[in-house]
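Chemist: The listed protein sequences derive, respectively, from chains A and B.
For the first sequence, our numbering begins at 279 and goes up steadily by one.
For the second sequence, our numbering begins at 36 and goes up steadily by one.
Since the hints were made in silico from the structure, they are not lab data.
Small disclaimer: the values here were computed from a predicted structure and weren't measured.
The C-beta atom is built at its ideal place from N, Cα and C for all residues, glycine as well.
So, partial list: chain A residues that the calculated Cβ filter (under 7 Å) puts toward chain B:
| id | residue |
| --- | --- |
| 1 | M279 |
| 2 | R284 |
| 3 | D285 |
| 4 | H288 |
| 5 | P594 |
| 6 | L597 |
| 7 | I601 |
| 8 | G602 |
| 9 | A603 |
| 10 | P676 |
| 11 | N677 |
| 12 | A679 |
| 13 | I680 |
To list a few chain B residues with every Cβ distance to chain A over 10 Å, as calculated:
| id | residue |
| --- | --- |
| 14 | T53 |
| 15 | D63 |
| 16 | R67 |
| 17 | T98 |
| 18 | K217 |
| 19 | D248 |
Restraint-style ranges between C-beta atoms, simulated for each label pair:
| id | chain 1 | residue 1 | chain 2 | residue 2 | range |
| --- | --- | --- | --- | --- | --- |
| 20 | B | K217 | A | L629 | 53 to 63 Å |
| 21 | A | L571 | B | P108 | 49 to 59 Å |
| 22 | B | H231 | A | N605 | 31 to 41 Å |
| 23 | B | D251 | A | V658 | 51 to 61 Å |
| 24 | A | L295 | B | H231 | 46 to 56 Å |
| 25 | B | G52 | A | A621 | 40 to 50 Å |
| 26 | A | W669 | B | D251 | 39 to 49 Å |
| 27 | A | A621 | B | Q183 | 25 to 35 Å |
| 28 | B | H55 | A | L295 | 47 to 57 Å |
| 29 | B | D248 | A | A621 | 50 to 60 Å |
| 30 | B | Q183 | A | L295 | 20 to 30 Å |
| 31 | B | H55 | A | N605 | 35 to 45 Å |
| 32 | B | R245 | A | L295 | 44 to 54 Å |
| 33 | A | H593 | B | P108 | 23 to 33 Å |
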Amino acid sequence: MNLAVRDIRHSIGRFALTTIGVGMLLMVVMGMGGIYRGLVDDALVVTRGVGADLWVVQRDTRGPFAEVSRLPRSVVDRVAAVPGVMDACEFVFHTIQREHGGRPLRMGVLGLGWPIDKGQGLPLIAGRPLAQNHYEMIADESLGLTLGERIRLGKDTYTVVGITRWLVSSGGDGIACFTSRDAQSIQFDEPGESVRLERRARRNRADQVDFGRTQPSVLERASGLSGNIAALPGPAISAVIARLSPGADAKEVQAIIGAWGDVTTYTKDQQEQLLLKGSVDRARRQILLFRVLLTIISAVIMALIIYTLTLDKLHPIALLKLIGAPNRTIVGLILQQSLIMGALAFGVGHLIGLKLFPMFPRRVLVTNDDLLRVAGIVLVISVFASLLGIWKAMRVAPNEAIG
Amino acid sequence: MSEALALEANGLTKVYGTGHTQVVAMRDASLRLHRGEVAALLGPSGAGKSTFLLCVGLINPPTRGRVAIGGRPVLDGPRALVDLRRFRRESVGFVFQKSNLIPFLNAADNVQIVGELVGRPASQARARAMELLEALGVGARARNMPTQLSGGEQQRVTVARALANQPSLILADEPTAALDSKRGRQVMELFRDVAHKHGTGIIVVTHDHRALDVFDTVYQMEDGSLRPATHAGIEASSGPASTS
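With these hints in hand, go ahead and build the complete structure from the sequences.
Modeler: Dropping the structure here:
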């Protein structure tokens with residue numbers, strides 16, 4: 279006869295409510311782990327998506343995700359010429375926030391290295407990769423844009439041709455992919471008035487030097503398009519990503535490029551570590567601490583619940599001792615109740631989480647490994663939680679059943 | 036030690052506390068109870084009746100004296116000669132003033148569990164429980180929880196539980212206190228029938244003098260001393276019911 283089950287059946291309402299409460303607490307523990315996994319996965323989704331073997335960034339920076347990195351576009355050609363590099367393309371990434379449809383639209387703008395990278399490696403759930411050099415974009419579904427929707431960014435209008443899922447930045451913003459030229463246009467877009475003022479200022483500066491006064495054509499150039507002025511650099515890119523030829527030694531290529539004075543090179547693993555130890559690390563530690571606290575709180579609450587349930591049973595326990603029940607029967611009663619509560623609470627927490635987590639604004643990624651880990655923690659908590667009740671039960675004398 | 040004896044208690048003394056706070060709750064109490072014998076234990080409140088029951092029930096060992104149950108020595112002073120809890124579940128049954136049923140088990144389960152505790156298979160323990168409940172007239176209430184039973188029914192279930200393992204000794208502490216006189220007498224007669232039928236020795240602490248004719252022997256306890264009851268002693272203890 280299983281006394282634990284009989285006792286639970288006797289007070290099923292209270293037990294069920296308590297289990298649901300503990301289950302929701304465990305759901306939060308699982309959710310915290312899921313938020314951490316989601317953060318890590320979100321942080322790495324871009325680096326894994328672009329499939330680069332090497333990341334070339336501005337010298338002594340940890341860009342382009344951890345901090346601002348600016349490189350001239352010419353670095354793409356220099357990297358492409360290094361032995362062992364199969365192809366190289368520019369990487370542009372920045373975050374913008376605009377108004378669209380009367381609501382704020384915050385997105386990470388990712389420039390793809392057209393024509394090599396058209397977004398064919400992206401996690402598309404609808405539509406297609408980019409098919410032309412300009413005015414097309416692939417948007418993550420979290421941005422709330424639909425296929426065929428047109429959105430004005432800067433001076434141009436872009437059409438959504440593809441939808442991705444879970445393509446977000448480490449900050450949780452949905453990512454929209456453009457060709458790198460379009461991404462730069464969006465990044466460096468300036469209002470017309472600002473352009474006019476800058477042209478005027480350039481003309482004034484040229485006017486104040488002999489060269490400008492003696493060469494009227496220079497004054498004309500200074501008032502024109504900045505792209506036509508050889509002295510002004512083109513728009514900077516964030517980084518250069520390189521794919522290596524089969525069999526090429528990444529360290530060797532990294533050493534060659536690293537010897538240049540204007541860039542720093544990271545392998546794919548180094549870039550991932552930079553991401554995890556940089557922007558994600560504090561959030562990760564914060565969540566970990568919360569998780570530890572919640573686990574302790576769950577353990578304390580479960581211990582108190584099991585202890586209270588045991589207090590309610592002191593008379594039956596004394597009676598069991600009186601009729602000669604061995605200690606293992608009494609320990610089994612309390613321990614089994616604790617384990618049943620823990621197991622059911624785990625199930626309840628998992629089920630509620632399955633329904634609830636997809637509604638969270640950021641991804642909550644609960645992996646099977648995490649579930650197993652939480653199950654292990656629940657097992658340990660259940661055993662520890664029952665210790666207080668067992669201790670109390672062991673102190674009950676059989677003659678207390680008589681009084 | 037005779038195997039024909041359900042209980043043999045020799046010179047039981049129980050002392051609580053030390054020095055100035057020392058209290059002698061029971062002094063040199065001896066009793067020989069044969070198998071199939073039903074004995075009543077009378078005495079005013081605080082006389083030491085419950086102390087005696089706790090000592091021979093292996094719950095609270097004596098300070099001095101010896102106890103043998105079913106011919107087997109089990110206590111030598113405070114020293115246990117056997118695993119007391121195990122011996123208790125195999126050889127001693129208890130019935131108390133309050134029904135003392137486990138509240139989360141139904142009537143049948145309350146009896147069955149005693150059988151399971153001594154290692155009997157669940158089906159056998161169940162069959163034995165049903166047999167006893169039927170014999171005691173509460174078979175129809177087997178699936179009812181304790182709170183759904185009347186006081187008399189609860190007490191019958193408790194008696195069934197005490198009998199489940201065919202113990203050598205049953206100890207009953209005012210088992211009829213919560214019952215009316217008719218039901219009380221029925222329970223006393225039930226004890227007598229059980230003792231005679233199963234050869235179980237039964238000691239019943241009682242204040243119900245109207246049912247003393249049911250018992251084979253009557254003992255009296257006063258100031259911690261135990262002796263066979265006299266007519267005068269019985270008269271003296273027929274005052275207000277105690278709850279010792």
